[in-house]
Amino acid sequence: MGLEDLQHNFLTGRVEDLVRWARRHSVWPATFGLACCAIEMMSVGAADYDISRLGMEVFRASPRQADLMIVAGRVSQKMAPVLRQVYDQMMEPKWVISMGVCASTGGMFNNYAIVQGVDQIVPVDVYAPGCPPSPETLLHAILTLHEKIRTGAITRRPAARAAAEQTSGWVPELPDAVRVATPR
Amino acid sequence: MSDDLFVSAAAGKPTAGKPAATGPAGKPGAPGPAPGAPDPAAGIRTAARVAETSEGAQELLVRPATPPGELRRELGAVLRLPEGGVLDPGDIDVERRDDETMIINMGPQHPSTHGVLRLMLELDGETVLRTKPVIGYLHTGMEKTGEELTYVQGTTNVTRMDYLSPLNNELVFCLATEALLDIELPPRAVWIRMLMSELQRVSSHLMWMATNGMDLGSTSMMIYGFREREMVLSFFEKATGLRMNNNYIRPGGVAADLPDGWEDDVEVICETVLARTYEYDELLTGQPIFRERTEGIGNLTAEEALALSATGPILRSTGVPWDLRRTMPYLAYDQVDFDVIVGTYGDNFDRYSVRLNEIRESIRIIRQVAERMPPGDYRVQDRKVTPPPRARIDESMEALIHHFKVFTEGFRVPEGEVYVAIESPRGELGCELVSDGTSKPYRMHIRGPSFVNLQTVPLLLRGGLIADAVAVVSSVDPVMGEVDR
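In order, the protein sequences belong to chains A and B. With the numbering used here applied, the first sequence corresponds to residues 1 to 184, in that order. With the numbering used here applied, the second sequence corresponds to residues 185 to 669, in that order.
Derived from the structure by calculation, the hints contain no laboratory data. Just so it is clear, CB atoms sit at the ideal spot from N, CA and C, and this is done for glycine as well. Some clues are possibly wrong.
Unchecked claim - Taking CB as the label site, the calculated pair distances span: (1) V618(B) with E92(A): 38 to 44 Å; (2) G13(A) with S404(B): 36 to 42 Å; (3) G13(A) with D444(B): 51 to 57 Å; (4) A516(B) with W28(A): 47 to 53 Å; (5) G647(B) with R64(A): 29 to 35 Å; (6) W28(A) with Q565(B): 50 to 56 Å; (7) K148(A) with A226(B): 51 to 57 Å; (8) T155(A) with P472(B): 39 to 45 Å; (9) R14(A) with A226(B): 43 to 49 Å; (10) H629(B) with A22(A): 51 to 57 Å; (11) Y626(B) with T151(A): 52 to 58 Å.
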């Protein structure tokens, strides 16, 4: 039977495009505020910047319902395993925005207490610069992530794989455990 | 520490650990896989996670494992009265059996802990028996970093402590530095500092109103609070270049003069925010549901608050008129009219109304400051302390040298030790500086009001419902950046 025999309207498309479209327009962030950047993250959620324009106003308290972890603030050595656990509790597909210089590189706190970049613990998709990044910067990071979702693969991302391999060698007896690069 | 306690203690998963009734105490943090588990590897992984995230004795332990003094403190007894006495409520049941209670964990990843505070609570049904706040999840080593930075750079560091009132942090650090330097500020610098400090108090209290409203389920309050706060922040952006972490108040004055037309901006903020505080009255103060949720919850007496060194709105809500702006005036607070707001019962509602009325008092101060802002320099004209104007650098070799010296070596501060305290939106914010005569502090210590106020939490929560715990923690208004530093 040819398509010309159908009596109703139809659209053609690829499953990938549909999946990407759906994912891109409902990226739910986890409420994972750490420090100063968390306040700016809340500002983005409030009236003036209104993240709900992007379908993202649903900050989920449970990581199991969240797609995006915005690491907002400095990550201390004590918080690092907790952060990794929250990341592991999130369902695939999941993305990470490293918000601010502290989360990205340790920033001005080059000392014993702060993890020098959250990418040592979790794979990061987008880095937002600034201390703290203004809401506009965070929105730009979010739009960059949307573009990445729109053009990326819909299956498991290679970055997540690489991080697991990178960390697996450090703790040979426990393949899934992760150790912070600077031990306490 | 027992095995089956605190499994998966971290990461916002409120795990109910049954107190160990049968299991013998094993090695801490190394329990084997649960018997009958379908996947033994999963048990090993969980064990590794528990071992990694366990904080050992910092966590709430079962009663037999807790020392008696510690137990009483977790139960909410005030142990450090000045006379050496103990304020011990008579109804504390120290001998309570463990198999009737449950220990649950809240935080550090929890939307209502205001950052990364972690609370461990012992519950009997829905009633909170014991509480232990576990802190340190945002420890940044700022006091140590402060020893590596010059006094000029130091404000960059301290401004990131209490990130809801960064200008107050800068202010206390600069006041301490100037006390060591023994320099007199030009009046305009003093009054600009007062203006910014009070605007910061307004923005901080608005932020508190927003988050407190959200914790009680009033999402509209969250939207409104942030809406007004944005007005203050956009003025900060205009005046200082940044919304937060401004690094605007510096040793010797402020970084720049106020922008043109600042009086209009400030008047618009005052008018709008003041009018909207009366909208909050309709939305929250007179609302029966809000009153029910806050009145009589988290009671604190003046005696207890003083014994626990609580300051700020928590102390004032119990009726003690202790406001450093009045009792130990700094800047020019002795030249402006304002009321110290006190409460009566020391409950959640009093803490709310103290903060709401402090917004109005701050606006009153801001209006007086705007009216009486003196002309003149906005920083001292001592080239050893403050840099020369940018235009002078192109003309004068000496100005270039001074500029270079101030921003590389900084200035040398005479040997000495000083403690300066100001009234931040959360209470007494103190800065202790020890100088050894070089351009970097030998030791910098910050007395964070949030840190000290946090020790009232076990007392406030005891006997209350778990559903009110979030509201009580919110009313204490801890900022974890300041608690952990």
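Verification of the supplied hints:
In this structure the supplied range 38 to 44 Å is violated for V618(B) paired with E92(A), their Cβ-Cβ distance being about 52 Å. A hinted range of 36 to 42 Å holds for the C-beta pair G13(A) and S404(B), which are about 40 Å apart. A hinted range of 51 to 57 Å for the beta carbons of G13(A) and D444(B) is consistent with their spacing of about 56 Å. Range check, A516(B) to W28(A): about 49 Å between beta-carbon atoms, so the 47 to 53 Å window is met.
Between G647(B) and R64(A) the Cβ separation comes to about 33 Å, which falls inside the hinted range of 29 to 35 Å. About 55 Å separates the C-beta atoms of W28(A) and Q565(B), a value consistent with the hinted range of 50 to 56 Å. For the hinted restraint 51 to 57 Å between K148(A) and A226(B), the CB-CB distance of approximately 32 Å leaves it violated. Taking 39 to 45 Å as the suggested C-beta distance range, the pair T155(A) and P472(B) does not conform, at roughly 53 Å.
Against the hinted window of 43 to 49 Å, the Cβ-Cβ separation of R14(A) and A226(B) comes to about 37 Å, which falls outside the hint. For H629(B) and A22(A), the Cβ-Cβ distance of about 53 Å falls inside the hinted range of 51 to 57 Å, so the restraint holds. Between Y626(B) and T151(A) the beta carbon distance is about 54 Å. The supplied range of 52 to 58 Å therefore holds.
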